[in-house]
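K.L.:
Quick note, the sequences are listed as chains A and B, same order. Under UniProt numbering, the letters of the first sequence match residues 1 to 171, in that order. Under UniProt numbering, the letters of the second sequence match residues 1 to 591, in that order.
It should be emphasised that the hints constitute simulated quantities derived from the structure, not laboratory data. It is possible that some hints are incorrect.
[Said to hold, decoys possible] List time: in silico PhoX-like cross-link candidates among lysine-lysine, alpha-carbon distance up to 25 Å:
#	chain 1	residue 1	chain 2	residue 2
1	B	Lys-76	A	Lys-81
2	A	Lys-50	B	Lys-190
3	A	Lys-50	A	Lys-100
4	A	Lys-81	B	Lys-190
5	A	Lys-50	B	Lys-142
6	A	Lys-81	A	Lys-143
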Amino acid sequence: MQIAPEAAEQHTLAVLVDNEPGILARIAGLFTARGYNIESLTVSEITQDKAVSRITIVTSASPSVMEQIIAQLDRLVPVHKVVDLTTQGDHVERELAMVKVAGTGDHRIEALRLAEVYRARVIDATTGSFVFEVTGGRGKIDKFIELMGELGLVEVARTGIVAIARGREAV
Amino acid sequence: MAAEMGGAEILIQALVDLGVEVVFGYPGGAVLPIYDALFRHNELAGNEGRRIRHILVRHEQAATHAAEGYARSTGKPGVVLVTSGPGATNAVTGITDALMDSIPMVVITGQVPTGLIGTDAFQEADTVGITRHCSKHNYLVKDPANLAEVVREAFHIATTGRPGPVVVDIPKNVQVATAPYSEPGPIRHKTYRPQTEPDPALIEQVVDMLAAAERPVFYTGGGIINAGPAASAALREMVALTGAPVTSTLMGLGALPASSPHWLGMLGMHGTYEANHAMNQADLVIAVGARFDDRVTGRLDAFSPTSRKVHIDIDRSSINKTVRIDLAVVADAGRALDAMVAAWKQRGHPRPDLGDWNARIAGWRAKQCLGFPEDSATEIMPQRAVRALHDATAHRQPIITTEVGQHQMWAAQHIGFEEPNKWLTSGGLGTMGYGLPAAIGAQLGNPDALVIDVAGEASIQMNIQELATAVQYRLPVKVFILNNEYMGMVRQWQELTYQSRYAESYSDSLPDFVALAEAYGWKGIRIETRDQLYDGIAAMIEHDGPVLVDCRVSKLANCLPMIPSGAAHTEMILWANEVSGEMTDEARALV
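Please model the complete structure; the sequences and the hints are all you need to start from.
P.N.:
Okay, structure coming up:
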């Protein structure tokens, strides 16, 4: 007997939650308990009184599972609002990565030149290394990291995706 | 400024203000301040109505099931008080059970002092972590000033929307530290607002669909029971107006009287032939407070293939979870049914002519699917025992609890429930050991009722220690064991699927249940032959204390009809000779 995988499409969700202890475990645990994917998850307080956090989740699921994910998230007591940014209209997504590259000579010069092309900033430098800060969509960052792989890539730290809808309306 | 009180006193005061009358619990190190506050409160309250009665169970799991039985039979939330560590982990099964069956319950757990949290202290467990995904919500209270508010919020969340268990974990130093008591006021939660009122436009669509349907079926569930007796009354009125037949999940039995001509019986795996065929052939299914669970639907792609489906549920996540819905109404079941009754009348729909549909249903009924062979003159068939129990007790409208297994399904099939809140069983989680503590909780909430736990000889042993609890509080509960010396449902599946290789399903080394009952101070009765059945049951009912009946039944009887796992509603096994003992791997992989 084979276990067949389900067709899935990627969605980006914005989840506004009460900033209470354990909320992240509640959200992440819901995904594992019900067998949903998390491809990226970011969280931070977004109000001045630190009462509300915004969690951005990138997940892949079939349309019917996607409907369940949203309903299940919405059912959690501390959740204010769940918005599927992928279906509700246009939105922009960004991610920040810090990329450490070590090397000397031509590799070093080439890394700097490519960083300029990708508008990556140097935020730390030694005689043998750079740390680049690069911002953009996932594809751009993936590509930059791939290029650095040939030029002495040592370490990567990524924030995961944050996203917001285009236009003047708030979620 | 209000006078300061210790956290434990604040908790007790909050419970009193919430009208809590009964708490099921077990003391331990991390709840000693609460037990002392409860003791002192009751001493001061004397015989006044503000006393909180504490019921000392013999195992924390039983406290949770007793609270469930109390809640399900009274409509009030069940309250549990247990200590940290093992007290809390023992309660986890019952908390999960209450989540699956939507039972309002508040579980108060002691915790090690805040300074020791995370140090692997004695009897420390991460209670909020462990219960996060098996409760509707949970709290760790770190400041006594928040305690009263949290407790009120916990009751609010447990009892509103789709009900469920809420855990409040209170470190021992928070029970001792003092704070002012905040007086109760209206609860305005920041985020939690269950939708209870149905959208009137959707309700109009539902009644118009119902008026136009040729083959309608109501498919009702535990949500109607949870919505209170008025919801069952509204269902009955809706059925009287439309003449539509009704089937129900295990959890929904009693919403419509079993004596109603519109009652099809339970549906699903051990449902009736007529209920499953009506679902299969319907052109309109109206699901109310039911969740299309796998025991109900059978094979999903063959579930009610020709119907349009309306789903009324208070929990949006129940809609489109497994079965695609044509029209969804998020609302309290009772409010939605009331609105349907009003809309039906207001739109002037006549009672539809369902003559052809009823004739087809009558044809299915004629199969007499709950019939059973009775070859021996002396041996008791378990179905016969359940029917005899029903016949002898129906006039008392007993509260029936069950354990889990064949006896549970036989009880569901052969006991006719005329009213809601009379049937307490572990449906979603299927927890063996539920029935005896649930009966204890139900008897406490309904002191004058006849409460009977229909049990199996295997399940009853999972919480048998609660025999002592019933004696301590002089609760006249009855336990009626269908003793076939097998974990019967396991054996039945082994016959269906594994060519009768009975791996570990024989109940070996059984105790002498009558002697055991007497050791605990119960009356014990053994019924061994059919001629003893009615007298034995009569003796059980007549005795005004707790009685355990060890009813020896046919050892190899199977619970039929049955839809084998992975099969469609139309592929029911009606008779034992249809059991093949072989299954495909796909079917074997299903639960």
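K.L.:
Against each hint, give a clear statement of whether it holds in the structure.
P.N.:
Hint check results:
no.	hint	result
1	B:Lys-76 - A:Lys-81	violated (30 Å)
2	A:Lys-50 - B:Lys-190	holds (14 Å)
3	A:Lys-50 - A:Lys-100	violated (32 Å)
4	A:Lys-81 - B:Lys-190	holds (11 Å)
5	A:Lys-50 - B:Lys-142	holds (19 Å)
6	A:Lys-81 - A:Lys-143	violated (34 Å)
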